[in-house]
Structures are given as structure tokens and as C-alpha cells.
Amino acid sequence: MCGRYVVTPDPDTIARFFDVDEVIAGDLGASYNIAPTDLIYGVAEHRGRRLLGEFRWGLIPWWSKEKGPLHINARAESVAAKPAFRDAFSRRRCLIPADGFYEWQNRPDGKQPFFIHAVDGKMLALAGIWSRWTDPETGQEISTAAIVTTKSAGAVSSLHDRMPVILAPSLWNAWLDRDLRDPEEIARLLQPISELELHPVSKLVNRVQNNTPECVKPI
DNA sequence: CCAGACGTTGTT
DNA sequence: GTCTGG
DNA sequence: CCAGACGTTGTT
DNA sequence: GTCTGG
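Residues 3 to 221, numbered by this note's numbering, are exactly what the first sequence covers, in order.
Don't take each hint at face value.
As a list, the in silico DSS-like pairs of lysine-lysine whose alpha-carbon atoms are at most 25 angstroms apart [unchecked claim]:
1. K67 to K84
2. K84 to K153
3. K124 to K84
4. K153 to K113
5. K219 to K113
6. K219 to K124
7. K84 to K69
8. K205 to K219
9. K113 to K205
Just so you know, these hints were derived from the structure itself, not from any lab.
None of the values given here were measured: they were computed from a predicted structure.
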């Protein structure tokens, strides 16, 4: 699955990589340990333009009266049908930029974290869905997002049976296209990719308070 | 009709 | 909002 | 995802 | 064990 990840470039660098027209996100700073509830970058389309915005990690359906529970992931196999996700899936998709992400391997002696990243070291586009939600208590409106997961492939499958969907650049346009609303057509974009590298890292990453380059360093 | 749920993961 | 269960 | 909390009363 | 917070 995907419950922690890494983003280090500044917003302008991310925007260039994803061919973004306008940056509306603030500078969230480099993070080696992004966790659920954090603010994250997301690339989404608005009135035909590609924007880099910020989202709270943990999707809240627009009709929800409650702040929780958090939906940090959505299964590719069912995202089109689930009440909490289907509307976002057909109308509000985004790319979530990442240097890489973490998975924990279960071992007899505990859990071992791994950092997983592109072979060429470039940023990954994680498949995301998003929603606008108004807090009934404060009237505050926020954008929230979830990462779509799928069956793992390649080296990652030796660690874990789930991983985030990573979209190849050739699929970015279709994924962001808000006029593309046919669930079956959209679902065809969600394939696991296998060209990733991984290495074990320190258990420092287990604590969300630890946010240093040490988190991604091979051990 | 109204009430209540609406999610993923891992583990057992 | 929309579906399912009672 | 992992870490950390997990409770009430009364008083300040 | 299970929920909440980050």
C-alpha cells in the first residue's frame, strides 16, 4: 500500500517536471517522511489548465458530515464503485508527485522499512483522487486526496502485496482529463509498474517526527 | 418508509 | 449523495 | 503507514 | 485490542 512517502524538490521544480501551467500551492518544504493528514502536492486540471495545488492527505467525500475516518488509500479494483470514492474517481483525479515511497516488510523479528524509487531516480506520479469538503463546524473548505493502490509487481512484491499505482508520463493526460468519465476507460490506466528499485532503511522513518535524509539512506 | 453506512491494511 | 438493510 | 493512548472528578 | 494523531 502506501502510507508514507518522500518529496524533496521545490514547487517550481515539481511544476516543470509535470508540465504544470500554474502553481497555486505554497512551498511545503522538503519532506522525507510525509504521513497521513499532512499537506501534500497534487497536480490536477482546472478549466483545461494543469495546476499544482495542495491537498490534505486523507480523502473526505464531499457529502460527509464527519471529519473521519481518513481515506488515505483507495483500491484500484473497487475505487470506481465505492460510494466514498466513485465520484472523485470519475471527476476529480490528480497526480501526486513523489521521490519515492516506503513499504514495511513483515519479518519474524518485526517490521523492516524499505524506500522504493524510480530506477532513473526521477519523480514518480502516484495516481490520486481528490475532493472538496466543508467542515460543518468551522465552515472551512479544504481539498483532500487519497492514493490509489493496486497489486504489487516486480521487486516490490517480495516485500508487500500492495503498492501505489504509478502512472507513466504517457498516461498523465488521460488520468487528469476531467471530460474522461467512463469508469471502465479510466480503470484501464491503473496498471502496476515493475521498474522500481528498493533498499532497506533505518527504522527512524517509523516515527513521523523524524524527517531527515537519514530516512532514505540505505542501511 | 427511515436508519445507517459509506475505507484500507494487516492479522487472526 | 446514494445504497443497503430492516 | 507507525506510535501512542486508552479515565474521571474536581479544582486551578 | 482498537482508535486517534501525525
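Status of the hints after comparison with the structure:
{"no.": "1", "hint": "K67 to K84", "in the structure": "holds, 17 angstroms"}
{"no.": "2", "hint": "K84 to K153", "in the structure": "holds, 18 angstroms"}
{"no.": "3", "hint": "K124 to K84", "in the structure": "violated, 32 angstroms"}
{"no.": "4", "hint": "K153 to K113", "in the structure": "holds, 20 angstroms"}
{"no.": "5", "hint": "K219 to K113", "in the structure": "holds, 17 angstroms"}
{"no.": "6", "hint": "K219 to K124", "in the structure": "holds, 17 angstroms"}
{"no.": "7", "hint": "K84 to K69", "in the structure": "holds, 18 angstroms"}
{"no.": "8", "hint": "K205 to K219", "in the structure": "holds, 11 angstroms"}
{"no.": "9", "hint": "K113 to K205", "in the structure": "holds, 9 angstroms"}
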